[in-house]
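Turn these sequences into a full structure, and let the hints steer you where they fit.
There are 2 protein chains.
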Amino acid sequence: MTEVTELQSEVRALLEEEDIDTVVELLNNRHPAEIGGVIDELEAESAFFLFDRLDRRTQARILPYMQESHQLSMVQHLSRHAQARLLTDMNADERADLYQELPEEVQETLMPALAKAEREDLLRLTSYPEGTVGSVMTSEYATVPAHITARQAIERLRFQALNKETIYIAYVLDSDRRLLGIVTLSGLVVASPQEAVEDLMQTEVVNVHTDAPSAEAARLIADYDLLAIPVVDDNERMVGIVTHDDAMDVQEAEATEDIHKGATVGNLPGSLKETALTTLYQKRILWLVLLVFANVFSGGGIALYEDTIQAHVGLVFFLPLLIASAGNAGAQSSTLMVRAIATGDVVSRDWLRMLFREISVGMLLGLTMAIAVAAIGFYRGGYEMAMVVALTMIIVVLSGSLVGMSLPFVLNRLNLDPATASAPVVTFIADVTGILVYFAIASALLSVPGA
Amino acid sequence: MTEVTELQSEVRALLEEEDIDTVVELLNNRHPAEIGGVIDELEAESAFFLFDRLDRRTQARILPYMQESHQLSMVQHLSRHAQARLLTDMNADERADLYQELPEEVQETLMPALAKAEREDLLRLTSYPEGTVGSVMTSEYATVPAHITARQAIERLRFQALNKETIYIAYVLDSDRRLLGIVTLSGLVVASPQEAVEDLMQTEVVNVHTDAPSAEAARLIADYDLLAIPVVDDNERMVGIVTHDDAMDVQEAEATEDIHKGATVGNLPGSLKETALTTLYQKRILWLVLLVFANVFSGGGIALYEDTIQAHVGLVFFLPLLIASAGNAGAQSSTLMVRAIATGDVVSRDWLRMLFREISVGMLLGLTMAIAVAAIGFYRGGYEMAMVVALTMIIVVLSGSLVGMSLPFVLNRLNLDPATASAPVVTFIADVTGILVYFAIASALLSVPGA
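Line by line, the protein sequences give chains A and B. Counting from 1 along the first sequence, just add 1 to a position and that's the residue number in the working numbering. Counting from 1 along the second sequence, just add 1 to a position and that's the residue number in the working numbering.
Some clues are possibly wrong.
Because identical chains share one entry, a pair is satisfied inside a single copy or across any pair of copies.
[Stated by the list, open to error] Keeping only pairs whose Cα atoms sit at most 20 Å apart, straight-line, the calculated DMTMM-like set for lysine to aspartate or glutamate is:
id, residue 1, residue 2
1, K117, E95
2, K274, D346
3, K284, E131
4, K284, D346
5, K274, D224
6, K274, D351
7, K284, D418
Keep in mind the hints are simulated off the structure, nothing from the lab. None of the values given here were measured: they were computed from a predicted structure.
In C-alpha cells, the structure reads:
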C-alpha cells in the first residue's frame, strides 16, 4: 500500500500550496477507498475543505470508505439540503448505515428533506436489528420479468445499472414479489438473444431470511461462491440482497468478534483505535472481575491443603506450572472446537467422535508434558516429587483437554454462544481441578513429616 | 440448511431402492456445493457409485466442494483417462489444488495424459509456494484488446465465458502482457456500442504480486470491494487473478489460523475433523512443552520466597487468582492488538497513542479488580492482607496490560508473526512478574512472625 502513502504526501503538498484543482484532478481517477483513505488522514479542516470540493457522486462513493467519526464530521459540516442530496446519491445500505450513526437531531431534520421513496427505503432498512441479515442487506437489486427475451433483459439491465448495487444477477419475481429464479448477466450475454428469461433462469436459488444472523448470509455466500444472496421476509417475498463485498465485511467482523470473545473481551462497536476508553473498559471488565471471584474457588482448594503445603512448601514451586499446563491444553481444545463449530467444520453429532479423538491426543500431550515435568520434579525434589508432578500432569492435561473439547458443544446445545464463555470457563475448571488433583495426589504419595 | 439434510435423506432412500436415475435427476438442478455435500455424507462405495453416474462437467464442478479425502478417493477410483478428462474440465486453480493433493505416483501417470496447455498451466500454478498469491490465483481470466468497440468486446467475452472464471471483468493487456486497464461487463453493456474499450477502461487498477501473501490479495479485495484482483509477476506481466470467492476462503482460513495461534496451536492443514491425530499432536505439543519449561521461572520466583510462604501460608490462597488476573488482562490487550494489526486497524506508528490509551484502561481495570480482591483479602486475612493483594492486583494488571499491548508491536517490528507468540509470552511474563511482585510486596508489608 505504499502507493496510497505516496498519494497522501502529494495531496498534502498540493494542499499546502492551496492548489485544490490539481488535488481534485489527481484523486478523480482513483478508487473510492483510496480517496477516502487520503481524506481520513488529513486534519479535520483540510479534510472537509477537500471533501466539499469533490462532486456529489464522488462524495457519496467515498464516504462509506472513511472512518466512522470522519464520515459524521463531513456530513455534519454540510447544509441540510446538501446532506439530503448526498444521502440520496448513496447506495441504499450504506445510506442506512450512515443515517443510523447520525445524532438524533440531525436525523430528525434530515428525514423530511428526503424524497418519499428514499425515506421509506431508509425507514425499512434501519428497522432491522443489528446483527441480522436485514441490517446488512441493500434494497437496490435488479429485476427482470420472466416472459421477456435475453436481449430485452440486457436492455432493461442497462437502464437499471446506475441505481442498482449489481446488474450481474437479475431476480425474476412473480406479482407478489416471490422469487421465481435468477439470471446472470453472463448467462444473458452467452444465451441466444431470442431465448426467454424463464427458460434461462435457475430456479433452485439459495436464499436467506431477514431475521437470520448476518453471519449466516456470509457463510452461504462463502460456501456457494455467490456474488449476492437474495433476502426474503416472513411471507417469502424478496426484500433485498446481501452482496459478496458486504459478506466479506461481515465475515471479518465475525472473526474479530470471536477472537475478542476468546480472550474474554466483549463485542466492540468498531475500530479499536476509535473505541472510547469507557467502552473498552466496560467490554473488558466483566469477565475479569467474574474470574477474580471464580478464582476464590482455586484459593479455597488451596486452603483445604494448607497443612500439606506447610509440610512440603516445595510443592508450591510446581503450582503455577501445573495450573498453567492444564489451562493451556484446555484452551487449545476449546479454541479448536469453538472455531470448528463457527465455521461449520464440526457439528453437534460429531461430538462423540471428537471426544474419542481428544482422549488419544490429550493422553499423548499429557504423557509428553509429564516427562518434561518429571525431570524438573526429580531435580527439585527427588523420585517422590517426580511421581507426584508427572501423575498430576497427565490427569490435569487430559481432563483439561476433554473439558475444553466438550464445553463448546454443551454451550452450543444450550443455545449459548460457545465463543463467549468457553475459554474463561475452561481455564477456571482447569485451575480448580488442577489444584485439587495436585494436592490430593501429593497428600497421598508424600509422607507428611512428623505425622 | 435443513434443505440439504432433506435432500440427503431423499437421496439415501432412492439409493436404497437403487433408483439412480431419479437421484441424478434430483441433483441436476442443485448448486454444486449441495451435490458435493450430499455425496460427502454417503459411504465410500455409494459415494463413488453416484459420482460416477454424474456427467463429467458436473463432476468437475462439484469436486472442489467436497472434503479433501473424499475428492482424492473419487479421483483415485477413476481410470487414468477419466482422471485426465476430469482435470481438464476443472477450473485451473481448483485443478492445481487437487493435483497437489494427489499421491506422487498418480501425479506421474496423470501428467503425460494431459494436453500441453493444461500441463504447462498446471506446472506453473503449482510452482508457487503455499500461502502466496500465486498459489491461490487462477490463470483463466478474460481479456479484450484496447482498440475494439464495446459491442465487439461483449461479443469476445461471450466466447470466453465458458473457459474463464469470470467475464465480469476483462483485462486489457499490451503485447508484453502488461496490464493497461480493465473494463467491466456492466460498463460495456451500459456504454454506447461504438465506444472504444480504451476510452472506457479504468487505468488505475489495484494489483498484487505473485509472491505476496495470499492474505494481502484477500485484504485488497475486501478493502476495495473488488470482484477480482489482477496478479502480476516480477516483470509486471499479468499472470492471473484472484477472485472474490477465493478471497473469502483465504480470509476465513487466515482468521482460523490466527485464532488457533492465539491458543498456541500451530497452523492446521485443513478441517479439524479430518486432521490426523499425529498432526494434531505435533501442532499442539510445541508451545505446551515450551511453557512447561518457561514456568520453571515462575517456580523459581516462588522458591525465592519460601520463607515468606512458610510464615504466611495463607498467601498461597491468592496466588492462582493474582497470576490469572494478570494473565487475563494481558491476554485481552495482546489479543485486541494482534487482531487490530492483522486487520490493518492499527499500524506501527499508532503504538504510542495506543500505549497511552492502555495506561488509562489498564489502571481502571486494575483498580476495579483491586477492590474486588481487597474485599476477599480482608475477609481472609484482615487489613494487611487486603492491602497486599489490592496493591499487587493494580501493579500486575496494569503491567500485564501494557506488556500485552506492546509485545505485538515489538514482534511485528522484528518481522515475527504477532499472532503466534503474543498470547503465550504475555501469559508467561504476567505469571513471573505476578509472583515476584506479589511476594515482594508481601515480604515488605507483612510482619514475619518470629523475625
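A quick look at each hint next to the structure:
1. K117 x E95: Intra 18 Å, inter 48 Å, cutoff 20 Å: intra-copy only.
2. K274 x D346: Answer is between: at 7 Å across copies they meet the 20 Å cutoff, but 33 Å inside does not.
3. K284 x E131: within (18 Å within a copy, 37 Å between copies)
4. K284 x D346: between (29 Å within a copy, 18 Å between copies)
5. K274 x D224: Between copies, since 18 Å is at most 20 Å while 32 Å is not.
6. K274 x D351: between (40 Å within a copy, 8 Å between copies)
7. K284 x D418: within (16 Å within a copy, 26 Å between copies)
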